[in-house]
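Trainee: Produce the entire structure from the sequences given, and follow the hints as far as they go.
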Amino acid sequence: MLSIPEEIPFRAIVDGKPYQELPKDLYIPPEALDVVLETFEGPLDLLLYLIRKQNLDILNIPILQITQQYMQYISIVGELKLELAAEYLLMAALLAEIKSRLLLPRKAEQIEGDEDDPRAVLIRRLQEYERIKNAAEALDELPRLERDIVVATIDTSIVKVQRPKAEVQFQDIVFALQGILKRADQLSHHVITKEPLSVKDRMNQIMKQLDVQPSLLFKMLFTYEEGRPGVVVAFLAILELSKAELVEITQAEPFSELSIRVKNKAKAERV
Amino acid sequence: MSENQQEQGELKRIIEALLFASDSPMSLQQLQAVFPELDAPRKQAIQQAIDSICLDYQSSAIELHQVASGWRFQVKVDMASWVARLFIQKPPKYSRALLETIAIIAYQQPVTRGDIEEIRGVSVSTYMIDTLLDREWVKVDGHKETPGRPALYVTTKQFLDYFNLASLDDMPALQELEALAIAGEMAI
Amino acid sequence: MSENQQEQGELKRIIEALLFASDSPMSLQQLQAVFPELDAPRKQAIQQAIDSICLDYQSSAIELHQVASGWRFQVKVDMASWVARLFIQKPPKYSRALLETIAIIAYQQPVTRGDIEEIRGVSVSTYMIDTLLDREWVKVDGHKETPGRPALYVTTKQFLDYFNLASLDDMPALQELEALAIAGEMAI
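Chain order of the listed sequences is S, Y and L. Take 1 as the starting number for the first sequence in my numbering and just add one per residue. Take 1 as the starting number for the second sequence in my numbering and just add one per residue. Take 1 as the starting number for the third sequence in my numbering and just add one per residue.
These are computed hints drawn from the structure, not numbers from a lab. Be a bit skeptical, because a hint or two may be false.
When the alpha-carbon atoms are kept at most 30 angstroms apart in a straight line, the in silico DSBU-like pairs for lysine-lysine are as follows [to be verified]:
(1) L/Lys139 x L/Lys90
(2) L/Lys90 x S/Lys160
(3) Y/Lys76 x L/Lys76
(4) L/Lys139 x Y/Lys93
Partial pick of chain L residues on the chain Y-facing surface, computed with a CB cut under 8 angstroms [unchecked claim]:
(5) Glu16
(6) Ala17
(7) Leu18
(8) Ala61
(9) Trp82
(10) Val122
(11) Thr126
Computed footprint of chain L on chain S, listed as stretches where at least three residues anywhere in the stretch have a Cβ under 8 angstroms from a Cβ of chain L [unchecked claim]:
(12) 146–153
(13) 156–168
(14) 172–183
Glycine included, every Cβ here is placed at the ideal spot set by N, Cα and C.
Mentor: Next up, the structure:
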């Protein structure tokens, strides 16, 4: 699981190590890169774009090729110092996982159903997303009020009756205002929880934890309240630390718990 | 003209007047409720009047159209470009994110915010949900019995009215999902 | 049908659509101005179209009627009692969005539409502002000296009268609001 192949450029996401040149098979013109995050609605949208751009069959996408393109794309976005949404990193981790699973030898008797094929899950999500994406486009084309539909109105001033006006208690206004305040309150809390997760910060955090306790169980480095993006960031941080040879990942025996240990105390001070 | 026909002709004019005068679409029930209780026409008679009015306006610039919350007179769609010249303000444009979100709610309802995020693969902002609630395109319809009891969102009649639809069945058909048939061998 | 007749028929439909779409009566001049300058019909042709529409609606529940500022469709006099029943029946209800808008204007005046949008977190429709202006609960009181010079809205005396308040100071103090203002959460 941890033997992520070297060519996956996680490094660029973290510290923006400069590339000498742009990858040749990148399908997005470099000048368009600064608008990409606004252009795509998310990682699924980007993947669909990469697949559709090359006329690939969604049911049989070459995972290796698509993974490489996706990684190149997000590493360049990372390099341009754009805040890369955690969702994009999550997808990168998923692709890496699928790729590594495909590289592993499989037991002969293990005839997997579609549900167990990691590609099947991804393909199903891509299909479902594309369906909604198309539906949203179709919805946008329906005739609608304010754009294509105008209600026919006539004058009714000859009707003598005073049209009743809406009755409002001042209390209604106070309630309405309290509603706004409550929402504003929730919104401000929301902003705090939505603070972007940074791999670099997480690396520092882990090293600090290891300062106190030189060896930690792998699972202790994850905060499940942060959800999947948080898990991905922690995972990437561990990989980075391992790659930089600041920590060591060990396993006492097969299938036992992994633990993380400081590898070089002197070097750690410099992170 | 028989007395019956005369009555039906009069009913038709009343229905026509009411539908033109009302600010919002009117259902058969709402039309019926305008009449004195003991003298109210049957819904079938009102429907007949509506059918007849629809025919009358066939060659006109307006039409009687049925949307989710009832019937309304509206300018025919082929006149839209002319009518648009009357209005200085540009019609609002909706972002892809918003359209995708409302599409998910419309097709998969009831859904939680988490369901929407799962399908779109990105987080859904509070602002977006608020905008949809504010426009009264969606409403909260109960809570899911899972941890946190997240709100379940459904679309409203106003949403259908806005998009000129009479029911959810009139939404553009979702494309079929192609069956997954991944070969046993997983090529890389 | 000659080409000329066809053109006149098309013109008639456009005029009909415009008169139904417009909120206020339209004069021949205003109708003419809707067309591209080089392609505008002559006033005489527009008048002909109007005459023809008048005939079409003779047996209908509405009529095309000329008032001082132009032509408008209106409900026929003999239908007035039915329309009156409709209006009595349907006292409108203000939406949450509208109540929030008036609340913000009352407590934060003077405010621009942008201010209201910022506080509510969603866009504010023209319809809402128009409803409040119509009701004479708010009025425009100058413009903010920022780009676009947006209108500044304040509440009116009628607003205070309706709620039986002698002055704005009589509004209940909202401590939460003050707390939030101190915390700088909202641009006040």
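Trainee: Holds or violated: are the alpha carbons of L/Lys90 and S/Lys160 at most 30 angstroms from each other?
Mentor: Holds - the C-alpha atoms of S/Lys160 and L/Lys90 are around 15 angstroms apart, at most 30 angstroms.
Trainee: Was the hint right that L/Glu16 lines chain Y, CB cutoff 8 angstroms?
Mentor: holds (4 angstroms)
Trainee: Can you confirm whether the C-alpha distance between L/Lys139 and L/Lys90 stays at or below 30 angstroms?
Mentor: holds (26 angstroms)
Trainee: Is the straight-line distance between the alpha-carbon of L/Lys139 and that of Y/Lys93 30 angstroms or less?
Mentor: holds (28 angstroms)
Trainee: So, L/Trp82 near chain Y? Judge it on the closest CB pair being under 8 angstroms.
Mentor: holds (5 angstroms)
Trainee: Was the hint right that L/Val122 lines chain Y, CB cutoff 8 angstroms?
Mentor: OK, holds: L/Val122 within 8 angstroms of chain Y, min 5 angstroms.
Trainee: If you take the shortest Cβ to Cβ gap from L/Thr126 to chain Y, is it below 8 angstroms?
Mentor: holds (7 angstroms)
Trainee: Within the assertion that chain L covers the segment 156–168 of chain S, do at least three residues meet a Cβ-to-Cβ distance smaller than 8 angstroms?
Mentor: holds (count 12)
Trainee: Are there three or more residues in the segment 146–153 of chain S whose C-beta lies within less than 8 angstroms of some C-beta in chain L?
Mentor: holds (count 3)
Trainee: Take the segment 172–183 of chain S, compare each residue's beta carbon with every beta carbon of chain L, and decide whether three or more fall closer than 8 angstroms.
Mentor: holds (count 11)
Trainee: Going straight from one Cα to the other, do Y/Lys76 and L/Lys76 come out at no more than 30 angstroms?
Mentor: Given pair Y/Lys76, L/Lys76 holds - Cα atoms ~23 angstroms apart, limit 30 angstroms.
Trainee: Would the hint on L/Ala61 be counted as holding, given a Cβ-Cβ threshold of 8 angstroms to chain Y?
Mentor: holds (4 angstroms)
In summary, this structure violates none of the numbered hints.
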